[in-house]
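**Student:** Here are the chains, one letter per residue:
There are 2 protein chains.
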Amino acid sequence: MNFQLAGRWNLRIFEEDNMTLSGELTGNVVITGKQGLGELHGTSFYGRPKGETLELSLTESAYLIYIKKITVKCAEEELDFERFFIRASNIIKNFELFYIVYKDLRERGYYIQPSDIGFRVYPRGGHPGKGPAEFLVFVTSERIPLLLSGLKKHLDNSDNKKKRLILAIVDEESDITHYEVRKLIPSGSSVQKPKKLHSVVTLLEDRCMVWHPEESKMLHKEGFFGKPIDEGHLQLSLVESCYLMNSGVMEIEKRDHEKLDFAEFSDIATRIESDFMLKYKVYEKLRYSGLVPKTGFKFGTHFRVYKSFDSISHSDYLVHAISHDHIFSLQQVSRAVRLANSVKKEMIYAVVSDSIEFIILGRVRL
Amino acid sequence: MNFQLAGRWNLRIFEEDNMTLSGELTGNVVITGKQGLGELHGTSFYGRPKGETLELSLTESAYLIYIKKITVKCAEEELDFERFFIRASNIIKNFELFYIVYKDLRERGYYIQPSDIGFRVYPRGGHPGKGPAEFLVFVTSERIPLLLSGLKKHLDNSDNKKKRLILAIVDEESDITHYEVRKLIPSGSSVQKPKKLHSVVTLLEDRCMVWHPEESKMLHKEGFFGKPIDEGHLQLSLVESCYLMNSGVMEIEKRDHEKLDFAEFSDIATRIESDFMLKYKVYEKLRYSGLVPKTGFKFGTHFRVYKSFDSISHSDYLVHAISHDHIFSLQQVSRAVRLANSVKKEMIYAVVSDSIEFIILGRVRL
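Just so you know, the sequences run in chain order L and Y. The working numbering puts the first residue of the first sequence at 16, with every later residue one more than the last. The working numbering puts the first residue of the second sequence at 16, with every later residue one more than the last.
Rather than coming from a laboratory, the hints here were simulated on the basis of the structure. Among the hints, erroneous ones may be present.
One copy or two, it doesn't matter: identical chains are merged, so the pair holds either way.
[Said to hold, decoys possible] Distance condition first, Cα-Cα at most 30 Å in a straight line; then the derived DSBU-like pairs of lysine-lysine:
hint, residue 1, residue 2
1, Lys313, Lys198
2, Lys269, Lys83
3, Lys236, Lys83
4, Lys168, Lys83
Please work from the sequences and hints to get the whole structure.
**Tutor:** Quick look at the structure:
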């Protein structure tokens with residue numbers, strides 16, 4: 016939606032360029048002389064001083080060429096914006112992504128330095144030499160699959176450095192969406208365990224049925240388990256049933272009255288939904304943490320989760336279980352987070368390995 | 016969210032049963048005598064008359080047992096609700112889904128007859144013998160993958176019968192979501208074609224760059240193509256670039272100035288996104304139909320689509336391209352439709368085969 020921009024397009028292009036400094040493209044940096052040190056770094060925090068000279072990244076340089084603060088030569092040939100940009104994009108893969116994100120942040124008043132994964136960004140009011148950077152910004156394209164293992168590395172890294180980790184995702188039309196990624200230990204206040212049932216529960220096709228009216232009522236009222244399908248019978252989902260059986264609350268039998276143990280039940284459930292055990296482990300962890308998980312089907316995730324029994328009219332989280340070798344499609348992440356936020360919930364990924372870690376992803380406006 | 020229900024649970028169960036009729040389970044139907052014809056069919060439109068008797072489906076019968084209108088015997092043994100239900104779920108796969116959907120519709124005042132795919136449902140105020148059914152309701156579980164080919168068959172079938180096709184999807188906790196499925200021929204009012212560019216456009220990593228300020232401006236203003244990344248340069252997505260090249264508006268070269276033709280460009284684009292041609296065909300079709308497609312990344316779909324240039328502040332549709340052999344995950348459909356509706360857009364699937372057909376899915380409250 017950049018129609019407003021169109022009117023301003025020619026403003027800067029014909030600005031006077033009496034401030035122009037010259038730099039030299041050397042490898043993957045641009046070096047300017049002493050004047051650059053004062054004018055570019057001293058007042059505007061571009062680049063990094065190297066002795067008497069200033070070293071600029073290719074992103075900084077492209078931006079400084081664009082705003083006519085520098086001209087850049089390479090082996091006596093002057094590179095205009097187009098030629099410099101093509102040269103830079105031959106040196107740095109996805110250079111255009113870095114340029115788009117850099118320009119956007121810079122023009123909205125942030126001071127920026129390069130980092131391994133993209134940029135270190137200073138808080139509003141801060142700059143290099145005045146307090147630490149606040150954000151580590153990881154720049155990527157919507158099309159590049161994101162390995163969970165890589166994301167966790169960035170997250171550990173930014174935690175160690177006491178910075179906030181931001182994903183800057185550039186879409187195919189060069190729009191940027193920023194997500195903040197954090198670790199989280201969710202907990203709630205629902206701790207009671209239902210009384211043991213006397214009646215036996217039947218596994219039907221892909222859900223279980225509690226036939227006894229009073230016990231149906233008790234399970235639903237005291238733990239928000241299942242869904243009453245009429246005024247006497249309660250249907251339980253596979254994860255709910257497995258949890259209640261595993262907690263010793265009830266026994267499950269097949270339609271032919273054969274009793275099922277945990278291993279048999281989870282075998283059947285895994286044939287019905289292949290990621291059953293992944294879901295089950297997360298369900299159990301959430302229940303142990305005092306939370307109330309219910310199906311997230313309507314939101315396209317495994318669970319919607321209530322922090323307490325009293326807040327049962329609005330769930331707080333959407334939780335999706337993933338394995339430690341998960342690869343995110345950013346299109347799917349985008350849809351999940353957007354949907355969660357549109358219904359005032361937070362989107363959490365539950366990473367299942369030996370233990371379970373929770374990662375929260377939320378859209379932020381930097 | 017059925018806490019209110021809990022209080023009403025015992026109301027019906029102890030109702031007087033002086034109306035109880037008896038039926039006999041025979042194969043996959045229940046047969047009642049002449050009295051059923053009058054009391055069950057004549058006044059309440061249950062079942063189908065067969066001569067002097069009334070034939071009830073297993074779903075109808077289970078419901079009638081539950082509300083104590085009938086008792087059912089099989090070989091002299093009386094089947095209570097639990098035994099009848101287990102028996103029925105051994106005869107009909109996913110019987111519980113049909114029961115849940117039937118009960119819900121019936122108790123909200125609809126008259127229902129069985130059909131191949133689930134139910135024929137009469138409009139409010141209508142019933143068997145008074146006008147035709149309005150809906151064909153296809154009953155399924157969130158877990159069952161839905162073949163596009165199957166969905167199209169149901170759609171053709173309901174079109175032929177002049178009925179509205181409804182998907183009733185039962186989730187793992189027995190909640191029902193209804194979707195209406197329709198065919199659609201979307202069209203818009205944006206028909207102009209941009210003037211031919213003099214400058215050449217460069218393919219960078221996964222997008223193209225227009226370097227010429229005036230031509231950048233023209234493309235963006237006159238066709239809402241691309242995104243201005245600064246006040247002089249326009250980035251075009253792969254589909255936009257391919258469309259503009261194919262329409263003769265511009266030429267594209269690589270960073271080494273080698274020109275690309277349509278086949279070469281689409282080869283490269285397909286290496287970047289494997290479903291490029293699928294997307295491209297839909298993009299082209301939408302543009303030819305006077306619509307303005309832009310990336311739908313933020314919504315997790317291929318495109319967001321504007322009906323006209325004047326309405327560019329709000330897009331009308333989210334469009335996702337799928338091939339004719341697509342298999343829907345209902346979890347994904349649920350997320351897509353919910354997200355689309357939450358931002359006041361309609362969710363459309365564009366089915367690519369020799370031609371392109373559009374199918375719209377929207378949540379409905381029956």
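**Student:** Work down the list of hints and note, for each, if the structure agrees.
**Tutor:** Status of each hint after checking the structure:
Within a single copy, Lys313 and Lys198 get their C-alpha atoms as close as 25 Å, and across copies as close as 23 Å, so both meet the 30 Å cut-off. Proximity of Lys269 to Lys83 under the C-alpha cut-off of 30 Å is restricted to the inter-copy arrangement: shortest distance 26 Å between copies versus 76 Å within a copy. Taking identical chains as interchangeable, the C-alpha atoms of Lys236 and Lys83 lie at most 30 Å apart only when they sit on different chains, with a minimum of 26 Å there against 69 Å within one chain. Proximity of Lys168 and Lys83 under a CA criterion of 30 Å is satisfied in neither setting, with 38 Å inside one chain copy and 62 Å between copies.
In the structure shown, a violation is registered for the earlier hint numbered 4 alone.
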